[in-house]
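Chains as they are written, first to last, in my numbering: chain A, 443 to 604; chain B, 2 to 385.
Just to be clear, a hint being listed does not mean it is correct.
[As the list claims (entries may be wrong)] Mimicking EDC-like on lysine to aspartate or glutamate, the simulated pairs with C-alpha atoms at most 16 Å apart in a straight line are:
(1) B/K78 with B/D142
(2) B/K369 with A/D576
(3) A/K454 with B/E234
(4) B/K178 with A/D461
(5) B/K291 with B/D245
(6) B/K369 with B/E212
(7) B/K292 with B/D245
(8) A/K574 with B/E358
(9) A/K515 with A/E549
(10) B/K264 with B/E226
(11) B/K242 with B/E226
(12) B/K18 with A/D554
(13) A/K515 with A/E500
(14) B/K369 with B/E213
(15) B/K334 with A/E494
(16) A/K570 with B/D81
(17) A/K448 with B/E234
(18) A/K570 with B/D368
(19) A/K515 with A/E553
(20) B/K264 with B/D217
(21) A/K578 with B/D73
(22) B/K178 with A/D459
(23) B/K178 with A/D449
(24) A/K574 with B/D371
(25) B/K334 with A/D576
(26) B/K98 with A/E484
(27) A/K570 with B/E357
(28) A/K574 with B/D368
(29) B/K369 with B/D217
(30) B/K18 with B/E357
(31) B/K334 with B/E100
(32) B/K369 with B/E357
(33) B/K93 with A/E484
(34) A/K570 with B/E100
(35) B/K93 with B/D142
(36) B/K93 with B/E69
(37) B/K98 with B/E68
(38) A/K578 with B/E357
Since the hints were derived computationally from the structure, they do not count as laboratory data.
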Amino acid sequence: MENTSKDYSHIKGWGIDADPKNDPTYPMRKRGNETHAGYTWERPPLQPENMEVLHSNERPNVTAVFGTSMPPKGLSGMIRRYAFQYGEGSFGHWLPLLVADRVNVVEGIVEDLKSGHVPNIFAERGMKAQWKYDRKGLLQGIAVAAAVTTAAVLLLNRRSED
Amino acid sequence: MLAMTYRGPQRVRIENKPMPEILHPQDAIVRVTRSCICGSDLHLYNGNVPDTRVGETFGHEFIGVVEEIGTDVHNLKVGDQVIVPFNIACGKCTFCKQELYGNCHEANPQATAVGGIFGYSHIAGGYNGGQAEYVRVPYADVGPMVIPSGMHPDDAVLLTDVVPTGYQAAEMGGIQKGDTVVVFGAGPVGIMAAKSAWLFGAGRVIVFDQEEYRLDFVRKFAQCEAYNFRSIEDPVVFMKKTTDSLGADVCIDAVGAEAAGSKLQTITGRKTLLQAGSATALQWAVNSVKKGGVVSIVGVYGPTLNLVPLGNIVNKGLTIRANQASVKRLLPKMIEHVQNGVFSPRELITHHIPLEEISDAYRIFSDKLDNCIKPVLIPPSARV
Ligand SMILES: [Zn+2]
Ligand SMILES: [Zn+2]
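The following block holds chain B by itself, in its conformation from the complex (with noise of 0.2 Å):
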């Protein structure tokens, strides 16, 4: 089968693997539809995240055919089409007990801090991910489910994470009616998340970016305010000075590891790796808050130390929240938002690419050519 592999910093291709196969009595084996390349990829893709191993296959934003399924698996059957969440979790142990699905116990050797998601290095579990043609997906009977009848693809393919990372960021905020909540970052789960913050019942929205194109998108896809921080001198002082001089009430950091907008930030965080990523979007979302604010982080950071505001967090009484978004518990309700028109993921994407030209499709999404928001993958099995 055809996949993309992992040949070192910024070199990618397309190889043939061997088919994936049932290791565990709960796999199944999906023959992936569609399949997204996500910023979080680009961690990856740069060469940035440790234990990234040569041959790897990434891509844990994907839908597909159920297409063979272990002895213990009881809730799919071959033939299902399926949504299947980024977090590989065993529906057992005390964190998925909780919900707390991106958070499970019995997926992940490598590491206890994170769970097991597709496709992300030996940091997270060592899966083969779903830019492929075939993936194994464990504990099958936990985190797949049908798309419903007339569901888009395109729409059903951003639930297994923009979505509902977007959505958790929004609801870890804990927004109240008529809240001013701050989003840093304009990629797909930055517009998402500003979108969803006026389901909670934002009373303003604000955000965040460099890129001219992002910003002209999250304008009109989330009907909110918008700023280039590049052309504002200092993007704290002006949060303050359109609050009131108090800040917003609830600032979410979408950007994660790779931030710019600070030299020292970049060199110490993204050119040489000393701290656990660049952490600008979360110095401005920890400083722009009101006293008392929740600060509410879905961005994607390393596993070690950050040059981290902690002076501040203290003295301000902040709340701090953050995780990888619970997809499984939240998927019936994007279901239904996306069933009753309040959300349609879909307009996010704005490339259907080939897999076979995995190479270019990163080279188009880590530099942001061709104004590109999303992008799609559609393997050539899915094509005919």
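One chain only, chain A, in its complex shape (with noise of 0.2 Å):
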């Protein structure tokens, strides 16, 4: 098996940082006995919440600040409300958000198409770029595609006629 040599002196800045004292712990040993004091600090100014903000249901409010890139709306807005009723770290969280996110993806079409642009799926998945590089890649994408549609067309005929 290949191993490095025991001259480091080609790499440059080699340990340069090395601290015998740097052990596992280190950011931890930065807490003082005030951090046991709980959520006590001084709070910045608070970000006035003039738009539906939804939040954790293991804290008691919203942060000093916030983002607001895209408030909750619609039937996927519902969906989130439903989801934050639930913790972090269950399944009830997070598996609605998810399901939100699938039904807010539907409503991104709806509005392109109500305010009358079709969206270009073609340029908004890169196929530009994947022709160019990947025209293998692509190409076997779009039959894999094609043969599916077949058969579900196919399907769907055959329990129609039934």
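Work from the hints to combine the two standalone chains into their complex.
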């Protein structure tokens, strides 16, 4: 088995940050007794809450700042509100959130169409780049998708004939 | 302004969005000059992170110019060029006081386990990210640091996440002189972890990955041994054999939720999302580290359960350390290493892509096309 030499001088910076006291408990050593006081620090000024912000049921309130990118709305928003009744570690919390994400994708397409924009799925999926660098992969993907669609159509047709 | 938006799994596009506004006295608005796509963005891109909402803008790795500041910002002024750490941190809470800036308790209402992160779904606070022309930066006095004059912007942008995260992976390993260190994953963070291991005095550094071009890259960049786990029957047995049957002193998981290499983990963790990601790299790390050794995790996993080899962790008396990098704590040292030529992070950047071509950029990075290691996005307003 190959092994490196014991001379590391060719590696720039070898050992410069070596510190025998850097044992794996390092950041925890920074903890002082005041950290046992609990949720008592002086909070920063609070961002005005002029939109709906969901918060974890493991904390009493919203944080001093928060993002405002996409407030919950529509059906996906209702599912998200439901999810936030459950703790961060439970299936009740994150499975509904994943379901809400999928519902949200459909809502996004409806929203696009309503505003007169037909989403260019080909471009959004970056297929121009795939065509350039991975033509075989792209063609295989399309072939598989076509086969699955054909099979589904055949299956549905047969069902409706029954 | 132009911004990337998420439309659904593997569907992103560039859109016109309203300019971000000051919403809090400690906010700043930053005009982005460089932003990156990160390996952890791919979890969002693939629709695997719960509460990723249609219309969100991703991007937690960016640098830029301060355009506007709130009434309570004192350390920055308009026109400053800044490095913005990926974590949003208040500087006041009990965790920030311990320099655990990735664990701030005043930046993410939606969860307590993870702090606030730019452009990383609502599970990390619902902030819009930097894959855009402008971005709102909360707690602007705490996180951002002025870029030292003369520093190349491609070096600076990698100090927002990749460099400190790789470095902290090695630091958390508590590497002692002469230690054998194994890094699972030769993405940008794994590459930086391997490079950093030497700074703590490692005696041997080994990297595993499945992409030949990444293995070639890491061998050159980090002067380490690198092996393709696809051509090795069992990476754990391989590691034992190459370490006198004892195992490595320190193992680093720089892969996280989308690990390949185990069918069971792939099906349960990546395809059906029944666990918080495929924990293959973590399994290998736990099983190939020496008894009494340290496992250091910086790979990103989802919030809930995982098929973790807990029995072996207990039986082996392991120390497991893991966290999001505390970028602000490490920035001064990282800047020093770049200035002294110990690190040259910009060598990781293989692609400069206009922000407008975001969909193709994601495809190239996600499918590892064109030997891509790290893509950087340049907004039109930064190109004139
Ligand atoms: Zn990142
Ligand atoms: Zn804080």
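Below or equal to 16 Å on CA atoms is what counts here, so check B/K334 against A/D576. 40 Å, violated
A/K570 and B/D81 were given as a pair; does the straight-line alpha-carbon distance stay at or below 16 Å? It is violated: about 37 Å lies between the C-alpha atoms, which goes past 16 Å.
Is the straight-line distance between the alpha-carbon of A/K574 and that of B/E358 16 Å or less? Holds, at about 14 Å.
Hint check: A/K515 vs A/E553, CA-CA at most 16 Å. Holds or violated? Cα-Cα ~12 Å, so holds.
Straight-line Cα separation of B/K93 and A/E484 no greater than 16 Å? 7 Å, holds
Would you check the hint for A/K570 and B/E100, treating anything up to 16 Å between C-alpha atoms as holding? 44 Å, violated
Proposed proximity, B/D142 with B/K78 (alpha carbon, max 16 Å): Between B/K78 and B/D142 the Cα gap is close to 10 Å, so the pair holds against 16 Å.
Against the 16 Å threshold, does the CA-CA distance of B/K178 and A/D461 hold or violate the hint? 9 Å, holds
Within a Cα-Cα threshold of 16 Å, do B/K93 and B/D142 meet the stated pairing? 12 Å, holds
Does B/E234 sit within 16 Å of A/K454, going by the straight-line distance between their CA atoms? 34 Å, violated
Could you grab the alpha-carbon distance between A/K515 and A/E549 and see if it respects the 16 Å cut-off? 10 Å, holds
Between B/K369 and B/E213, does the CA-CA distance stay at or below 16 Å? Distance ~11 Å between B/K369 and B/E213 Cα, so the pair holds.
Consistency note: the structure conflicts with the earlier hints numbered 3, 10, 13, 15, 16, 17, 20, 21, 25, 32, 34, 36, 37 and 38.
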